[in-house]
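2 protein chains.
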Amino acid sequence: MFRNLYFKATTLCLALLIIATSGRAQNADSIMIRKIYDEALDKGHAYRNLEYLCKKIGPRLSGSAGAQKSVEWTKKLMEDYGFDTVYLQEVMVPHWERGVKETAFILDGNNKITVPVAALGSSIATPQKGITAQVIEVRSLDELKNLGENTVKGKIVFFNRPFNPKPIETFDAYRGAVDQRGQGAIEAAKLGAVAVIVRSMTHALDDYPHTGGMRYADNVTKIPAAAISTNGAELLSRKLKESKAGSVQFYLKQDCRTLPDALSYNVIGEMRGSSDPEEIISVGGHLDSWDLAEGAHDDGTGVMQSVEVLRIFKSMNYKPKRTLRAVMFMNEENGLRGGLKYAELAKAGNEKHIAAIESDAGGFTPRGFSVDSSKDALAGMSQNWLPLLKPYLIEDIKAGGGGADIGPLRNAAPGVTLIGYRPDSQRYFDIHHASNDVFENVNRRELELGAAAMAALTYLIDQKGL
Amino acid sequence: MFRNLYFKATTLCLALLIIATSGRAQNADSIMIRKIYDEALDKGHAYRNLEYLCKKIGPRLSGSAGAQKSVEWTKKLMEDYGFDTVYLQEVMVPHWERGVKETAFILDGNNKITVPVAALGSSIATPQKGITAQVIEVRSLDELKNLGENTVKGKIVFFNRPFNPKPIETFDAYRGAVDQRGQGAIEAAKLGAVAVIVRSMTHALDDYPHTGGMRYADNVTKIPAAAISTNGAELLSRKLKESKAGSVQFYLKQDCRTLPDALSYNVIGEMRGSSDPEEIISVGGHLDSWDLAEGAHDDGTGVMQSVEVLRIFKSMNYKPKRTLRAVMFMNEENGLRGGLKYAELAKAGNEKHIAAIESDAGGFTPRGFSVDSSKDALAGMSQNWLPLLKPYLIEDIKAGGGGADIGPLRNAAPGVTLIGYRPDSQRYFDIHHASNDVFENVNRRELELGAAAMAALTYLIDQKGL
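Each protein sequence line maps, in turn, to chains A and B.
Last residue of the first sequence: 517 (the numbering used here), numbering continuous.
Last residue of the second sequence: 517 (the numbering used here), numbering continuous.
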């Protein structure tokens, strides 16, 4: 009886102790996370750093002088912050240049209406005098294939399937339309087309052409490819409907070219782990951007948030257990060479990557994280950590992709958990790959909340593992 | 035994039936909600209506020609949509005018530095030649009181406590700073000050003065009150610190005046309930705006979303059980007379208000709803309806205020549930009451998602009651 009572009392005490300890741990975590947010919101550097990257350096397409400047500046920035190690990873990247600004107009009888276009990345130029041809409008690759060579030969193919406005996440609309941009030139060339123009990848009706990557295929003729603004696409489509068959022509002139691959770099800053330095947690974004604007949301915000994560810890005098890395990947936009190189070196060095966090969906207000894990990390993260992050607008931690640059790590570093920082997506395609992706369109607090969210998650992974 | 078995079987069947029926009901609701969103996102009118309100009508301060035009236009808009009843509620409103644009500069020795200011709403003018005086900077009403009359008399009091960047919800920062704007002139005048200038109510460092309401008190001298841009406030504060004591003066000239109260209107559109027409569910925002800009987010988005809720139902041929009302309140900004009148008439008419939904926190991406209920509606809404709204970025339904305009209904219509539509708050104070609150700063999809969220909640309340 006494033994039993003793046993029960001990069990009870133990249970209470566990609850109390776990409560204390939760409490200590929530205090630490609050401190992270205070630092980011009250004394953050992300916004001013982003301003420098956008306004003093500007466009950073792979192989450009801007890209090289951004490498040198972010390296110096992290050195000045006093991170333990700052280094470069050499990587050869594609080097494409837009050249002289494009010209395009709709020729409707004697009427010549200029429309905003931009060559797609990797496209070839037109002949110097430009291309003038009739236009075939299609809504899909399948529709094009069904038209056949007789109809398409010698013409400019105009891909005009708009974004579907119905999906709530705008990336779903992007995925539903981007085959036109990526694959359009190949399929059109197979049928003898002389060029393609592609409706810009955005919900918005505006005058910005949105560039972006496109592909050619071996053994298929390369033809010039350009994005047209959505307003331009609407106008062209209307002209094609209103005018006599065959009377509308389109003129396109672009000057772009691909140079030999150029030497560039991933830029990496590290805080070395105190107890488990061989275990690596990375936060990253891509340093390169398209050439039309400042690459503010794509992906200046992601790289400056990544540097900010380490700066926050440094300013708080936090000593991580594991090694924390801020990684600025080169060449996400037109090659992914930086991401591939990082994974290759991680594998060659037999590095133990616990988690890789990527921010490449814009610097907008936080929504959550998406997790791609070979282990069963998701349930635990959602159950144990989400309550700590909910007060900070992190509404879910759910299954999903980590991001393009960290994707190659999945095979290169088995066991790694890939995590995408997921901000609100509504405004992203308003500015994606277009000349309005500028610093002025970034809200300071939204940017800082993202950096703090990434830091808070990094802290939890560092403390608890995955 | 048999009876018992029969009973158990019956109970089991009944339980299964309830689960199945409830499953079917949930499913029908989720289909209906998806249709609401499809209509709003694919065929919505809110964005084009907002463009008209902002660009063709513009500023709509109570008593102004713009306010009157907005009354006439929204009435016609709802009539053209074919709502069952569209009518006006007469209400006398304050009529304050800014007059000639303000002038202000810092006088630092021989240096004259112009800074952006805007008279606060309801303020009196300065004398025609303006006011020139030394400046006393304070961070709080308490700090001012402690200075005492000897220090303050004859001077301009400069309230310069910034927004606290640490709260995640920006409205918390606003609430923490706005006493300076509302009460500052009273407390300063008590100590003999000649005017007050108040740091603009925003996190952002920029050049926009943000106006807003302020009060005078009976038996306290009225002194002119103006908002100064945050950059202007930082500059003035620096000059005061750097310069010899007493050498910095400030010059303020403003021309504003209060005219006799003017006749204006709340504008109301109704769809009559089919089975319970006496039970009213309202959705609303305020039609008036400050005079400095287009009142896009404050509160053009709220009124156009409210009209859109009824238009969506009309376009879907949905026959509400209860009576649905879109209410455009007049004079939220400087008097709340429209909200008070609406409640007064609801009480006089013994109207049975089930729920009132208000959208007056900007047309930003959705976060949730806040609920102020005398009944125990909140738990049920959160438990039963939140799962239906989660796919649409509604992350919570939680306790909180409904909004200024519907506030007076609480006593006037006992049992009403007051509900605030809660968009993301990060960008709101960038544009609040300032000249950059324009149509261009509204994102189409964010606006539409808000309208759809309000319609979805209205549908659920209409179907299930509260």
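Worth flagging that the hints you see were computed from the coordinates, not collected in a lab.
Any given hint could be a false lead.
One copy or two, either will do: identical chains are not told apart, so a pair holds if it fits within one copy or between any two.
To be verified - DSS-like mimics (lysine-lysine), calculated; alpha carbons at most 25 Å apart, straight line:
| id | residue 1 | residue 2 |
| --- | --- | --- |
| 1 | LYS196 | LYS290 |
| 2 | LYS273 | LYS441 |
| 3 | LYS94 | LYS290 |
| 4 | LYS273 | LYS295 |
Hint check:
no.	hint	result
1	LYS196 <-> LYS290	within (23 Å within a copy, 70 Å between copies)
2	LYS273 <-> LYS441	neither (50 Å within a copy, 46 Å between copies)
3	LYS94 <-> LYS290	between (54 Å within a copy, 23 Å between copies)
4	LYS273 <-> LYS295	neither (30 Å within a copy, 72 Å between copies)
In this structure, the hints that do not hold are numbers 2 and 4, in rising order.
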